[in-house]
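**Student:** Given next are the chains, with one letter for each unit.
There are 2 protein chains.
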Amino acid sequence: MADAPNPIRDTDDAARTQARGLIGAARFGALGVTDPETGAPMVTRIAVVPGPDGAPLTLISDLSGHSAALAANPACSLLLGEPGPRGDPLTHPRITLQCIAQPTDKTTLREHYLTLYPKAQLYYDFADFRMMRLQASHALLNGGFGKAFLLTSDDLVAPG
Amino acid sequence: MADAPNPIRDTDDAARTQARGLIGAARFGALGVTDPETGAPMVTRIAVVPGPDGAPLTLISDLSGHSAALAANPACSLLLGEPGPRGDPLTHPRITLQCIAQPTDKTTLREHYLTLYPKAQLYYDFADFRMMRLQASHALLNGGFGKAFLLTSDDLVAPG
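Chain order of the listed sequences is S and P. Under our numbering, residue 160 is the last one in the first sequence; the count climbs by one each step, no gaps. Under our numbering, residue 160 is the last one in the second sequence; the count climbs by one each step, no gaps.
Simulated from the structure, these hints should not be mistaken for lab results. Bear in mind the structure is a predicted one, so any value in this text is a computation, not a measurement. Honestly, I wouldn't trust all of these hints.
With a straight-line Cα cutoff of 30 Å, these simulated DSS-like cross-link-like pairs (lysine-lysine) come out [said to hold, decoys possible]:
#: 1; chain 1: S; residue 1: K119; chain 2: S; residue 2: K106
#: 2; chain 1: P; residue 1: K106; chain 2: S; residue 2: K147
#: 3; chain 1: P; residue 1: K147; chain 2: S; residue 2: K106
#: 4; chain 1: P; residue 1: K119; chain 2: P; residue 2: K106
#: 5; chain 1: S; residue 1: K119; chain 2: P; residue 2: K147
#: 6; chain 1: P; residue 1: K119; chain 2: S; residue 2: K147
Assemble the whole structure, with the sequences as input and the hints as a guide.
**Tutor:** Given below as structure tokens:
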């Protein structure tokens, strides 16, 4: 593999802006966790909203397989950026965040979350639902065929 | 957790039909692999088509992170079933397949794959692209909020 071309481009401001745009716009994503019974990856759909600090938040049920998996091992991966009905899905921009899932206070985030995800009013207060913050250590942005960027956690935060 | 309700329903023919329908209709999905460098899950978008035997096929590049990960550990997970623009994405049916990725012959599958995924003509014959068959051992079907089913590999195959 020493002679394989490096498919990763140098990160620029356009890539950072695109990455933050994908995270901010996403209302669902594909969460990868490690199945504690088998050690295999397991991917499920979750709801997400960007948190007040930009890190994704998700409200998940204790009854779900991914909740049990995150309790055993908080390392996870989140794919955001959904193709539309036209074009090759592989040319549609998406981002993979490599994260640690951190339990966070559901009560104080109620208005923030429900403003961005009103349909969660139906189950937000269920006792088995808890809020997790997904803290990314790094990310792979794929801006379309052949346009890949490796981003740091700093790249994902808007300049203050 | 001993008192938690079991959210898994008994598998019936409607669930089996829905599962096979989701696999047959999908042209992309979220693939979860294990990052060989960190051991963490990693989720990326891949193109998929149903193979002649019903098992998902995907054409992936050796340059991609998921190819390297599958070479190191073929255990993977595939989420299929994409929400439309309306409604709560969590109520949209989707299925998680727990799979082993098996390299398979690209040449003999050319017409089958390109009939179902014509846009891949642009890169099908690139030397770095290879065909993988995803053999599911079991699957979690989520037919909507509170409608979960655990399916066997036999449930995913249409009666002959």
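**Student:** Determine for every hint whether it applies to the structure shown.
**Tutor:** Structure-based check of each hint:
1. For the proposed pair K119 (chain S) and K106 (chain S), the alpha carbon gap of about 16 Å is at most 30 Å, so the pair holds.
2. Between K106 (chain P) and K147 (chain S), the direct Cα distance comes to roughly 25 Å. Compliance with the 30 Å bound is thereby established for this hinted pair.
3. Between the alpha carbons of K147 (chain P) and K106 (chain S) the distance comes to roughly 25 Å, so the proposed pair stays at or under 30 Å and holds.
4. For the proposed pair K119 (chain P) and K106 (chain P), the alpha carbon gap of about 16 Å is at most 30 Å, so the pair holds.
5. Straight-line distance between C-alpha atoms of K119 (chain S) and K147 (chain P) comes to about 18 Å, which keeps the hinted pair within the 30 Å bound.
6. Between K119 (chain P) and K147 (chain S), the direct Cα distance comes to roughly 18 Å. Compliance with the 30 Å bound is thereby established for this hinted pair.
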